Amino acid sequence: MAFNTLFKKDIVVDSGKLTAKQRRFAYTSLTPILLYMGVFTLFPIVWAVVMSFYSYSPIREGSGFLGLGGANPFVQIDNYIELFTGTSKPAEVFRLALKNTFMFTALVLPLNLLITLPLAVILESIGERFKTLFRAIYFLPTISSSVALVIIWSYMYAPGWGLLSIMFKAVGLVPPKSWLQDPSLVYFGVPLAMICVVVAHVWQDFGYNLVIFVAALQSIPKTLREAARVDGANAWQEFWLVVVPLLRRTVLLTSVLTVISSLQVFVIFQLLTRGGPKNQTQTLLLSIYENAFRFANNLGLSSAMSMVLFIIILTLTVIQFRLLRTEWEY
Amino acid sequence: MTDKPKRPSLAFVLGKSGAYAILIVGLIGTLLPFFYIIVSSLKTPAELRQTPPDFFSKTPSLDNYTTILKDKDIPIAQNLFNSIFVSISRVVITLFTSSYAGYIFAKYHFKGKNLAFGIILIQIMIPFQVVMIPNYLLVVKLGLIDSLWALIIPAFIDAYGIFMMKQFIEALPAELMDAARIDGASEFGIYSRIVLPQMGPPLASLGIFTFMATWNDYLWPLIVLTSPENRTIPLLVVWFQTAHVSNQGLVLAASILTLLPIFIVYIFLQRWIVDQATSSAFK
Chain H
1 MAFNTLFKKD IVVDSGKLTA KQRRFAYTSL TPILLYMGVF TLFPIVWAVV MSFYSYSPIR
61 EGSGFLGLGG ANPFVQIDNY IELFTGTSKP AEVFRLALKN TFMFTALVLP LNLLITLPLA
121 VILESIGERF KTLFRAIYFL PTISSSVALV IIWSYMYAPG WGLLSIMFKA VGLVPPKSWL
181 QDPSLVYFGV PLAMICVVVA HVWQDFGYNL VIFVAALQSI PKTLREAARV DGANAWQEFW
241 LVVVPLLRRT VLLTSVLTVI SSLQVFVIFQ LLTRGGPKNQ TQTLLLSIYE NAFRFANNLG
301 LSSAMSMVLF IIILTLTVIQ FRLLRTEWEY
Chain B
1 MTDKPKRPSL AFVLGKSGAY AILIVGLIGT LLPFFYIIVS SLKTPAELRQ TPPDFFSKTP
61 SLDNYTTILK DKDIPIAQNL FNSIFVSISR VVITLFTSSY AGYIFAKYHF KGKNLAFGII
121 LIQIMIPFQV VMIPNYLLVV KLGLIDSLWA LIIPAFIDAY GIFMMKQFIE ALPAELMDAA
181 RIDGASEFGI YSRIVLPQMG PPLASLGIFT FMATWNDYLW PLIVLTSPEN RTIPLLVVWF
241 QTAHVSNQGL VLAASILTLL PIFIVYIFLQ RWIVDQATSS AFK
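Residue numbers (the working numbering), protein chains in the order written: chain H, 1 to 330; chain B, 1 to 283.
It should be emphasised that the hints constitute simulated quantities derived from the structure, not laboratory data.
Accuracy of the hints is not assured; some may be wrong.
Not the full set, but computed from the structure, chain B residues with beta-carbon under 10 Å of chain H [said to hold, decoys possible]: (1) Pro52; (2) Lys70; (3) Tyr100; (4) Lys113; (5) Pro127; (6) Leu137; (7) Arg181; (8) Leu257; (9) Leu259.
All values derive from a computational prediction rather than experimental measurement.
Positions of the beta carbon are idealized from the N, C-alpha and C atoms, including for glycine.
Just chain H, same shape as in the assembly (with noise of 0.2 Å):
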């Protein structure tokens, strides 16, 4: 998103001062938006803050406002607490599922990096009007509905029938019993069923960094490469020491908007796998979202739980702010 702008200084040229009137029209058509956006935005804020506090079940008539007090009394951290050192299940689960979400991210990010900057460099080099037609294909995914592409990767990795299976045997490979659902199929310490969501959302998301990368390389001025050329500099040189540092800056940002979206993955996890086998593809946002609404437990516990995820996104929205204020021209 165009964040940088944000920050530009107002330099509209005002067309002399307001009239009353004009400033009366102005203040009357904001008030119902920020009157809303307190509702809707500021107030759930605050109540999930003030919740992850408390005790809290909406079955339990509380005393105070929002039933936030008495049969839900006010713990204090102790959410906090049970998350990072409890012995319930949902302490357990929940640490397990921060694990889980990092070796996501983990994967995910250099995994799409390397499908998407060589690609989009190729991308870039080849005539127009083939460019137009491959960039709109590999764009496809991102646009499609998630539940409908986790049905695809049901069929990709069916166990015995699915595609997947049938493509190895077909090149002489034995494929695994269990794409999903073997908790005993670990590579290098990564679980088979991360492996395959990995893959299953890289498919499904590589199209957005690909066409950023490639505008960005569009927009890398022909006349610095010509100058390289010029002072001698051959292509692979003039790829490493001019592209590249050119393109830094976007690949920093993509990636940490990468991160950020890693970090928010629902539909896959819940649909494709589960958040099993034995809990080995649990992520965050899917235990805030069982703890909350499938198992309906303390809602405090699960509103704590979503202040941890917030927290780590914030920490990476603030980075993403920091590298989008930073000038740069060609």
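Using the hints, position chain B against chain H.
Frame of chain H, contents of chain B only:
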């Protein structure tokens, strides 16, 4: 290669055919999963259960599609209507609130404007899952649970839409508005008759992205909708997957029906959608 300005890229190193070979491998990788379920959706239940399966059906038919569309136990028509109703409502509302608020932030200067804009931008910075639980409780309190309004009312304001419209309207010349003012137009009249007619392209792109996001939305509808007749299409597909395990062909057909409307829009507008997605990322 000819002696045109050579391009320093992998393509140059690999040669043109190498570049196309890689691109085509990527293309197959992208399209094969789609293609596989499309051909699989034409199979009979027996063919779907067969191991090892044939890639193509020997007797392809649209039976799976006609079954889900005709089966009286499946409220697919109602679910389709729900998805269309929610998507179109959200598009119309978002386009109005975004352009209207964007107009005020772009063209009026008043005390507290930066604060007000900052409040709106908070929405962009707060991930959905942070407010997911309180929003659910709020929707329960408002009596909107298991109602399509639960998908529409909390989505009246789209901070990103306001931001995008503000950017666009700032570039419109102030003289136009002043001239209308001298001619006696009201402030709202300036918005509706001067500003709005010039905003075709940004409104269209905001509308398309809002439509796609709403059509594909899953987590929030999953939380707030419970009755079969209130489901949206993605919820129907998921229900199918769990309830109709014995007939996978129906699940496949339902998935393809979910993808279809977006694909049709995409075929006509792909170039524009991709460009918009790119330019909204940075710049």
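Hints and how they fare:
no. : hint   : result
1   : Pro52  : 6 Å, holds
2   : Lys70  : 21 Å, violated
3   : Tyr100 : 7 Å, holds
4   : Lys113 : 8 Å, holds
5   : Pro127 : 5 Å, holds
6   : Leu137 : 6 Å, holds
7   : Arg181 : 9 Å, holds
8   : Leu257 : 9 Å, holds
9   : Leu259 : 5 Å, holds
In terms of the numbered hints stated before, the structure departs from hint 2 and from no other.
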